[in-house]
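A.B. asks: Sequence:
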Amino acid sequence: MKQLIAFALFCCVTFAAVGQAFAQEADASALNPVKHVLILGWDGYGSAFVNWDEVPNLKMMRDNGAWTLKTRCVLPSVSAINWATILMGAGSELHGYRTWGSAEPDLPSRVLTDKGKFPDIFSVVHQQRPGALTASTYTWENIKNLHELPDEAHTKYIQKKQTSPTPEEYQQLVDTTIGYMKEKSVLTFVYFTDPDAEGHKYGWGSEQYHKKVQELDGYVGQILKYLKDNDRLKDTVVFLVSDHGGTGKGHGHETMQDMETPLLIYGAGVKKGEIENVVVNYDIAATAAWILQLTAPDCWRGKPIKSAFEFKE
1 MKQLIAFALF CCVTFAAVGQ AFAQEADASA LNPVKHVLIL GWDGYGSAFV
51 NWDEVPNLKM MRDNGAWTLK TRCVLPSVSA INWATILMGA GSELHGYRTW
101 GSAEPDLPSR VLTDKGKFPD IFSVVHQQRP GALTASTYTW ENIKNLHELP
151 DEAHTKYIQK KQTSPTPEEY QQLVDTTIGY MKEKSVLTFV YFTDPDAEGH
201 KYGWGSEQYH KKVQELDGYV GQILKYLKDN DRLKDTVVFL VSDHGGTGKG
251 HGHETMQDME TPLLIYGAGV KKGEIENVVV NYDIAATAAW ILQLTAPDCW
301 RGKPIKSAFE FKE
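Take the sequence shown: its position 82, counting from 1, is numbered 82 in the working numbering, and each next residue is one higher.
Be careful, since some hints might not be right.
[Unchecked claim] Here are the simulated lysine to aspartate or glutamate pairs, EDC-like style, with alpha carbons at most 20 Å apart:
(1) 272 to 235
(2) 59 to 215
(3) 271 to 310
(4) 225 to 207
(5) 225 to 54
(6) 115 to 104
(7) 59 to 276
(8) 184 to 229
(9) 184 to 231
(10) 225 to 63
(11) 160 to 141
(12) 225 to 175
(13) 156 to 168
(14) 182 to 235
(15) 160 to 175
(16) 59 to 274
(17) 211 to 54
(18) 303 to 276
(19) 115 to 298
(20) 271 to 235
(21) 201 to 169
(22) 306 to 235
(23) 303 to 274
(24) 35 to 235
(25) 228 to 217
(26) 271 to 231
(27) 201 to 215
(28) 312 to 235
(29) 211 to 169
(30) 115 to 151
(31) 182 to 229
(32) 306 to 276
(33) 272 to 310
(34) 59 to 229
Treat the hints as calculated values from the structure; they're not laboratory data.
Just need the whole structure built from these sequences, with the hints factored in.
C.D. replies: Set out below in structure tokens:
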């Protein structure tokens, strides 16, 4: 009898130890590994014009990350409104930007930070992590008005003319961005003027539009290669977002071709597969804040896309 009791106790202790090990392993797998967020913004990239065969780097992100082609912009489907929405976590009813090229709110912002702007993902980082490095590079000057800028040394406007940037300017954009990431920027935002510029000139879905998309995919590939070669994907999440699509040689129409854009999320802790949740442009900032373990402002209306990640909190 004593031997039986001893054996039973041994089994209990063993199973308890194994169970604890499994629990610890499960907890470890659920831990949030994200320390850096990179948001790549393509202007005017509509879901109706996505051809995975012409964008191998984006296709790789899709196959190894979370994705949807049903992200909706806010109306009207134009640039300043939606880039503000992507970065500010709320629609124009709250942030106040109401026109294509708004350099300041057309309506009073409902809430202002101590810098005099509606709270955005940059201001949230700056407020809750004082001293944290952030970076922003862009090829449309008005982007600087749509978020709280990082310090002068980490803000770069590349393009000097209101046309599609040259390959040399885009390469400078990429090189500058990689330079900031080498400094371990917590949040990095990169804005590409295209394929919007080609859409306005030649038409959405034109041969020139698709050629520009292929060119942009190459720049994304360079950034992803840097992250992979330097073992940075273990703690970095990359977003590929767009503000709107288009029809003919313009946008701003109330059509799904204008409103739906792709969203790709790739990197640390990302769950593979198509995102089934409803996604609107203001969810991007909310998701970035959540994975960086920051508290979103009460005035934001975006919701974090938690189903796109393996970890819970």
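A.B. asks: Look at each hint and say if it fits the structure.
C.D. replies: So, going through the hints one by one against the coordinates:
1. Between residue 272 and residue 235 the CA atoms are separated by roughly 16 Å; this keeps the pair inside 20 Å, and the hint holds.
2. Between residue 59 and residue 215 the CA atoms are separated by roughly 14 Å; this keeps the pair inside 20 Å, and the hint holds.
3. Taken as a hint, the residue 271 and residue 310 pair is honoured in the structure, with Cα atoms around 5 Å apart against an allowance of 20 Å.
4. For the given pair, residue 225 sits about 27 Å from residue 207 by alpha-carbon distance, which is inconsistent with the 20 Å threshold.
5. Note on residue 225 and residue 54: the hinted pairing holds, with a Cα-Cα distance of about 18 Å set against a maximum of 20 Å.
6. Of the supplied pair hints, the one linking residue 115 and residue 104 holds, its CA atoms being roughly 13 Å apart against a limit of 20 Å.
7. At most 20 Å may separate the alpha-carbon atoms for a hinted pair to count; residue 59 and residue 276 meet this at roughly 18 Å.
8. Only pairs whose Cα atoms come within 20 Å are accepted, and residue 184 paired with residue 229 is accepted, the gap being roughly 15 Å.
9. About 12 Å separates the Cα atoms of residue 184 and residue 231, which keeps this hinted pair within 20 Å; it holds.
10. Only pairs whose Cα atoms come within 20 Å are accepted, and residue 225 paired with residue 63 is accepted, the gap being roughly 16 Å.
11. Between residue 160 and residue 141 the CA atoms are separated by roughly 9 Å; this keeps the pair inside 20 Å, and the hint holds.
12. Between residue 225 and residue 175 the alpha-carbon distance is near 12 Å, which keeps this suggested pair within the 20 Å criterion.
13. At most 20 Å may separate the alpha-carbon atoms for a hinted pair to count; residue 156 and residue 168 meet this at roughly 15 Å.
14. For the hint pairing residue 182 with residue 235, the CA-to-CA distance comes to about 13 Å; that is within 20 Å, so the pair holds.
15. For a cut-off of 20 Å, the pair hint linking residue 160 to residue 175 stands: about 17 Å separates their Cα positions.
16. Annotation: proposed proximity of residue 59 to residue 274 holds, straight-line Cα distance about 13 Å (limit 20 Å).
17. Distance check on the hinted pair: residue 211 and residue 54 sit about 9 Å apart at the alpha-carbon level, within 20 Å; holds.
18. Note on residue 303 and residue 276: the hinted pairing holds, with a Cα-Cα distance of about 14 Å set against a maximum of 20 Å.
19. Between residue 115 and residue 298, the direct Cα distance comes to roughly 17 Å. Compliance with the 20 Å bound is thereby established for this hinted pair.
20. Proposed proximity of residue 271 and residue 235 is supported: the alpha carbons are some 14 Å apart, at most 20 Å.
21. With a C-alpha separation of about 19 Å, the suggested pair residue 201 and residue 169 falls inside the 20 Å cut-off, and the hint holds.
22. For the proposed pair residue 306 and residue 235, the alpha carbon gap of about 17 Å is at most 20 Å, so the pair holds.
23. Note on residue 303 and residue 274: the hinted pairing holds, with a Cα-Cα distance of about 17 Å set against a maximum of 20 Å.
24. This hinted pair checks out: residue 35 and residue 235 have alpha carbons roughly 5 Å apart, not beyond 20 Å.
25. Annotation: proposed proximity of residue 228 to residue 217 holds, straight-line Cα distance about 16 Å (limit 20 Å).
26. Pair hint residue 271 plus residue 231 holds up; C-alpha atoms about 19 Å apart against a cutoff of 20 Å.
27. About 17 Å separates the Cα atoms of residue 201 and residue 215, which keeps this hinted pair within 20 Å; it holds.
28. The suggested pairing of residue 312 with residue 235 holds, with an alpha-carbon distance near 16 Å, which does not exceed 20 Å.
29. In summary, the hint linking residue 211 to residue 169 is supported, as the alpha carbons are separated by about 17 Å, within the 20 Å threshold.
30. Taken as a hint, the residue 115 and residue 151 pair is honoured in the structure, with Cα atoms around 13 Å apart against an allowance of 20 Å.
31. Restraint check for residue 182 and residue 229: the C-alpha separation of about 12 Å stays at or below 20 Å, so the hint holds.
32. Proximity of residue 306 to residue 276 is assessed by CA-CA distance (about 11 Å); at most 20 Å being required, the pair is judged to hold.
33. With a C-alpha separation of about 9 Å, the suggested pairing of residue 272 with residue 310 holds against the 20 Å cut-off.
34. The hinted pair formed by residue 59 and residue 229 meets the criterion: a straight-line CA distance of about 19 Å does not exceed 20 Å.
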